[in-house]
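**Q** One-letter residues, chain by chain:
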Amino acid sequence: MRNKIAPILNLVEYEDKLKPLTNRRPVASLPFACRYRLIDFPFSSLYNAEAESAALFISGSGHSLYDHIRSGSTWGLDSLAGGGVFTHSQVKLKADRSAESKHDRFYYEDHYNYVTRARAEYVVMMGSAFLSNIQIESLMHFHEDKDSQVTVVYKKVNRNELSSDTVYSALELGDEEDCDISGVTAISDVKEDRFNLNMETMILSKKTFLDYLYRAKQADMDINVNNFIKFSLESGCSVYGYEYTGYLKVIEDIKSYYDANMDMLDEDNFNSLFYRADPVRTRSKNSAPTYYGKSAVIENAQFANDCEVYGTVKDSLVYRKVTIAEDAHIEDSIIMQDSCIEEGAYLKHVILDKHVYVKKGARLEGTADNPIVIAKDGVVYAEGEVKEE
Amino acid sequence: MKTETVAMILAGGQGSRLGKLTKQIAKPAVPFGGNYRIIDFALSNCANSGINDVGVVTQYQPLVLNDHVGNGSSWGLNRHNGGATILQPYSSVDGEKFFKGTAHAVFQNIDFIDQKNPDYVVILSGDHIYKMDYEKMLDYHKQQAASLTVGVMPVPWEDASRFGVMATDRTDRIIEFQEKPDNPKSNLASMGIYIFSWPRLKQYLVDNQSKNRQMEDFGHHVIPAYLRNSEAIYAYSFEGYWKDVGTLESLWSANMEFLDPDHDLNIRNRDWRVYSKSPNTTPQFLTSSAKVKDSMITDGCYVAGEINHSILSHNVKVGKNSVITDSFIMPNAVIGENVRIEKAIVGEGAHIYDDAELVGTEDDIAVAGYGEEIGGYSDEK
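The listed protein sequences derive, respectively, from chains G and H.
Sequential numbering from 1 applies to the first sequence in the UniProt record's numbering.
Sequential numbering from 1 applies to the second sequence in the UniProt record's numbering.
Treat the hints as calculated values from the structure; they're not laboratory data.
Keep in mind that this is a model prediction, so the values were computed, not measured.
Note that beta-carbon positions come from the ideal geometry of N, C-alpha and C, so glycine has one too.
Treat the hints loosely; a few may be bogus.
Here chain H is said to cover these stretches of chain G; the calculated rule only asks that three of the stretch's residues, wherever they fall, bring their Cβ under 8 Å from a Cβ of chain H [said to hold, decoys possible]:
{"hint": "1", "segment": "32-39"}
{"hint": "2", "segment": "286-295"}
{"hint": "3", "segment": "299-311"}
Taking the hints into account, I'd like the entire structure generated from these sequences.
**A** As structure tokens, this is what we get:
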């Protein structure tokens, strides 16, 4: 099905509640499950749908994202014939978007240029905060079958699966069988305990996209799924909901990020995301196998390659190139790439960002609801002092 | 920029002493150390030595090898017009060009080398485990104004008669070559690594072939001819870890040695990396019933059993209550529950069913072949 979709990834997402993890990276390049970044999931969906290019809209430094994506070859986006990853960084930060600071014309122009030049029939709009593994091909079939103006992906969820102050919205379905959407409601205004979470992923024809792009430009509005649903409903066009039934976690704060990682230690969740016909692809790195020493004690944990483990690791996720010394104890924690944990250290309910050094005998203990986060390049001393870069 | 050096990796050998493991794949493609194939070491040495033009000469069962090597991008070789090129026998008006020996394989690929028009050709074999800077050896070759430099390493005198040994004079010039001699005159064993000045070698290969003089093998024909003609042949001594993994026992013991965190190969050294084509796979999952000691495990593994002093390559599954000891498990092998594996090599994609046993000894390593199935059916009905 090559050339059928022109994907637009809006990577200006809610990152404030994910600090300090998002101090120097967008939500899209948050590390996940030992060897991935969140962007791998939408990108893998695109790969499996044989998309040949993608447009990214970001704000701030894109360093970590560029470093991960490179030419896009991992996801088949580097073909000489029509391929490419087109990154647009002139999107203004949400915080800057005061009354007078409106989008400059490039914001609309970039969208216009990408979509008109892409050899595709449909535009797919998605982000990276809805951690899932969506099959775009079936979404497209559904869209065609329904002869829909726009089709939006949703999942039936319980309120307690989301952060209590979530900023996301629910879709109101007109007829359960027919899956037509009658409106969008902020979750804070939804009364029911179970509702249809709007996954802010949409498919629409190129023509409809360009129409709505024009309307957004006239009204100086954001180009996003919610505004487009609004446009469609206003003009009396059909909006359909496509139900996603696989694993989903909305990455909106530290707790949801922590839980999503921990969810992977459950085999059902792990299999839902990873063991399926369409695998998740990530940029491969050269690495040695992980070595587990004679003193290592491992219980229900996941590791990436290139670690050296001599201590105890329980119910935790350990990313690449991590060293864990003898008598160190790690439990219910996330240890990111390049971190080093010295002898006798004790970590429970902790997230160590990349390249954190935990000194001999240091102790950190958070709770499952409120894990302790140590920012990138931090040093944790035995006396409990934490030095951040 | 002119190409100064081309490396030719001779990867066509069957490696028949690896038995079942090389029935479907060539020896250089045999997995090693969890995340590698044997040829990765020679390819990485080329990349790390700044040699970007590499011909990989294949012949026997080349599918896996060709897929693995590709254009060399995994080793960063595909830059500045360089790259890895798979060279397979082909037929032409001169007849079929199957390779009859090491030198003959180079002779058949003269067109490839001439296309690059190098000053030097580095001849390597694709089945040794070592890290070596060929650039230093090349500097030595230039400094000696040699027409041939042979990589050698000192071996214990009592082992010398198992190798081709090079007797040298005080200036390290090679004056005699003995192939597996009863009374070795030297303990400098040839590592099968040669640097030739290309125009001279080409002359030997072409002239002698046209005169129907045998010039098929470097050890048997080319080096003796060079010696007879008083060419400047020098020995370049290598010190460090080097292992020919040509037999089941040596492949097994090289893997067991590789488990040592203080191994001379220093696999985690970022300055001299061993590259490989890494598969897209999941993190390694060690369940609550897993027990892992003194072992290496690779991405994509799922471990519910006990692993002692063993290497699991990528995507290996080990079921509950299975115990693996002193063994090397190749990629994609599936090991059921209650299985006992000891002093064994399990081939790629092999399937060891529940309750089966695969137990060898140090002198007689147990082997499950490539894709072989063991256990699973009861003989009694």
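**Q** It remains to establish, for every hint, whether it holds in the given structure.
**A** Right, here's what the structure says about each hint:
1. Residues of the segment 32-39 of chain G with a Cβ under 8 Å from some Cβ of chain H number 3, which satisfies the need for three, so the listed coverage holds.
2. Closer than 8 Å: that is the beta-carbon criterion, and the segment 286-295 of chain G has 9 residues meeting it against chain H, so the requirement of 3 holds.
3. Taking a C-beta to C-beta cut-off of 8 Å, the segment 299-311 of chain G contributes 9 residues in contact with chain H, enough for the three needed, and the coverage statement holds.
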